[in-house]
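Here is how the chains run, residue by residue.
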Amino acid sequence: MFINLSRIIKYGILGFLRNGWLSMATISVMFLALLVLEGLIVFNIFTNTALDVLQDKIDISVYFKIKTPEDEILKIKKSLETLAEVKKIDYLSRDKALELFKEKHAQNPVVSQSLEELEDNPLLASLNIKAHNPGQYEIIASYLDESSSKESFEKVTYAQNALVIERLNRIINTTKKGGLIFMIFLALIAVLVTFNTIRLAIYSNREEIGIMRLVGASNWFTRGPYMVEGVIYGFVSAILSLIIILPAIYFISPYFKIFIPELDIWNYFISNGFVFMGYQFLFGIVLGVVSSGIAVRKHLRV
Amino acid sequence: MIIFQNISKIYKNNGHESVALDEVAFTINPKEFISLVGKSGAGKSTVIKLLIGEEKPTKGRIIFGSYDVNKIKRKEMPFFRRHIGIIFQDFRLLSAKTAYENVAFALEVAGRPQSDINEFVSQALELVGLKDKMNNFPKELSGGEKQRVAIARAMINHPDVIIADEPTGNLDPLNALEIIKLLLKINELGTTVILATHNKEIVNYLDKRVISLDNGKILRDEEKGKYMLA
Chain A
2 MFINLSRIIK YGILGFLRNG WLSMATISVM FLALLVLEGL IVFNIFTNTA
52 LDVLQDKIDI SVYFKIKTPE DEILKIKKSL ETLAEVKKID YLSRDKALEL
102 FKEKHAQNPV VSQSLEELED NPLLASLNIK AHNPGQYEII ASYLDESSSK
152 ESFEKVTYAQ NALVIERLNR IINTTKKGGL IFMIFLALIA VLVTFNTIRL
202 AIYSNREEIG IMRLVGASNW FTRGPYMVEG VIYGFVSAIL SLIIILPAIY
252 FISPYFKIFI PELDIWNYFI SNGFVFMGYQ FLFGIVLGVV SSGIAVRKHL
302 RV
Chain B
10 MIIFQNISKI YKNNGHESVA LDEVAFTINP KEFISLVGKS GAGKSTVIKL
60 LIGEEKPTKG RIIFGSYDVN KIKRKEMPFF RRHIGIIFQD FRLLSAKTAY
110 ENVAFALEVA GRPQSDINEF VSQALELVGL KDKMNNFPKE LSGGEKQRVA
160 IARAMINHPD VIIADEPTGN LDPLNALEII KLLLKINELG TTVILATHNK
210 EIVNYLDKRV ISLDNGKILR DEEKGKYMLA
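From first to last, the protein sequence lines stand for chains A and B.
In the numbering used here, each residue carries its 1-based index in the first sequence increased by 1.
In the numbering used here, each residue carries its 1-based index in the second sequence increased by 9.
Careful, some of the hints might be misleading.
Claimed, not checked - The calculated lysine to any residue pairs, modelled on SDA-like cross-linking and capped at a C-alpha distance of 20 Å, are: (1) Lys11(A) with Lys106(B); (2) Lys106(B) with Tyr204(A); (3) Lys58(B) with His300(A); (4) Lys11(A) with Asp125(B); (5) Lys80(B) with Leu18(A); (6) Lys58(B) with Gly211(A); (7) Lys97(A) with Thr48(A); (8) Lys148(B) with Glu209(A); (9) Lys148(B) with Glu167(A); (10) Lys177(A) with Lys11(A).
Unchecked claim - Not everything, but these chain A residues come out facing chain B in the computed CB check (under 8 Å): (11) Asn20; (12) Leu23; (13) Glu209; (14) Ala218.
Derived from the structure by calculation, the hints contain no laboratory data.
Nothing here was measured: the structure is a model prediction, and the numbers come from that model.
Virtual Cβ for every residue (Gly too), placed ideally from N, Cα, C.
Modelling step: build the complete structure from the supplied sequences, incorporating the hints.
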């Protein structure tokens, strides 16, 4: 058993080295397939982060009439928090709002002067509500609309922003769906091209496979070395594509950051490096082994 | 002991039937050297394909030692084939392996230990006179040398039978004679040899049993036969 395995591995490595051109051709195709896959992963991270950032900017604010007591606002906040759709509520009191306003316009003498001339705080207390996903704002808005404390609302921003929120929501959903389909499609092409390349490589060895059978080699002894070659193909092309993609990400990362400040793709790859490499090797090796295994099977019927 | 019991083989192609073997029956005893002669298309190759289980007969039964050849399962086929050494007209060496590795391969597939391989392969290559070229690849060898590698590979497992299908077909007369002498030597060492050929000089030179085939039928089966097709 062990002696067979070691012979299979030995012949796999020898075959890989002696069929230099064929190995190179197969590896370059697999290498391109892996690059496509990596490109897709980067693209996916980019769009998803962009959409998340966008999504995070959507919210509903409820402004309360000046005379509304704080107790009541907090009561409303508590009742809103029981909704499953609500992710987070920030309460901004009138004093706090004024403070933020002053801070924001500290450089502007006109604003600060006019504020001083007012005797009372003109700003309203508000609740800022964020939902888990953009589709849920409508539910929250209608809950607010039917609320018993509706009289104390000065205004609800949803009414003004409803159109924008809905449109944004649609764009986010289509982009995510479209991206997924695009990714599956490209990944499928990469897999098929690799599979066919390996099949052709083995087709050119079909006579050898027949001879091995006639000399009395079992199926596994015949097939094994080709599958070992598949492992080597996957391993080498994974390493090659990592050598290309890592510096590329390093250089591209700052440009992505200009678009979306929250996205640091280089850091993302560094912190998920092992998972990423694992996928890379897994994809390459599984593809290599399965393709070789299936391709040889066809020629084993002697 | 090999027994062909009323073997017929009919190939069907687009509804068109062609009879390759028609009720062929013969017995080959252990340690015999027999020549299978006939024109192209007489059925020599079919007999060999049936014997090594590459194809199944349409009718009849083939016994090979303790095996009923048509009933061998695909999984058992490799083990059955290790009882037979096969030599082809086109050599059929593994082009990506050296002469040494080609011969060693037959032992490796049988799971023999490395020490056996080191010993036997060198011996076999010495016997066929190729010890100094054992690290050459097939493309670096002449036709006669390739065929000698094939013979070394065929005999390395100490098979019960060696089947040679037109082994001299691609060789010049001198090399052909060398190959035949090697086969005779192997036969003297106790292995059954079945030689399919249409080379008249060789058959007459051998002066051994001859089975003549014509149009899928046995024309003649003689001890110490000559090459005659009429």
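Results for each hint:
With a C-alpha separation of about 12 Å, the suggested pair Lys11(A) and Lys106(B) falls inside the 20 Å cut-off, and the hint holds. Only pairs whose Cα atoms come within 20 Å are accepted, and Lys106(B) paired with Tyr204(A) is accepted, the gap being roughly 18 Å. At roughly 17 Å between alpha-carbon atoms, Lys58(B) and His300(A) fall within 20 Å of each other, so this suggested pair holds. In summary, the hint linking Lys11(A) to Asp125(B) is supported, as the alpha carbons are separated by about 18 Å, within the 20 Å threshold.
Distance check on the hinted pair: Lys80(B) and Leu18(A) sit about 40 Å apart at the alpha-carbon level, beyond 20 Å; violated. Among the hinted pairs, Lys58(B) with Gly211(A) is consistent with the structure: their alpha-carbon atoms are about 13 Å apart, no more than 20 Å. For the proposed pair Lys97(A) and Thr48(A), the alpha carbon gap of about 36 Å is over 20 Å, so the pair is violated. At roughly 14 Å between alpha-carbon atoms, Lys148(B) and Glu209(A) fall within 20 Å of each other, so this suggested pair holds.
A threshold of 20 Å between alpha carbons decides the hint, and for Lys148(B) with Glu167(A) the separation of about 72 Å lies outside it, so the pair is violated. For the suggested pair Lys177(A) and Lys11(A), the alpha carbons sit about 47 Å apart, so the restraint of at most 20 Å is broken. For Asn20(A), the interface hint holds, since its Cβ comes within 8 Å of a Cβ in chain B; the closest pair sits about 7 Å apart. With its C-beta approaching chain B no nearer than about 10 Å, Leu23(A) sits outside the 8 Å limit, and its interface hint is violated.
The interface hint given for Glu209(A) holds, since its Cβ lies 5 Å from the closest Cβ of chain B, which is under the 8 Å cut-off. Annotation: Ala218(A) was flagged as interfacial toward chain B, and the flag holds, the nearest CB pair being 4 Å apart, inside 8 Å.
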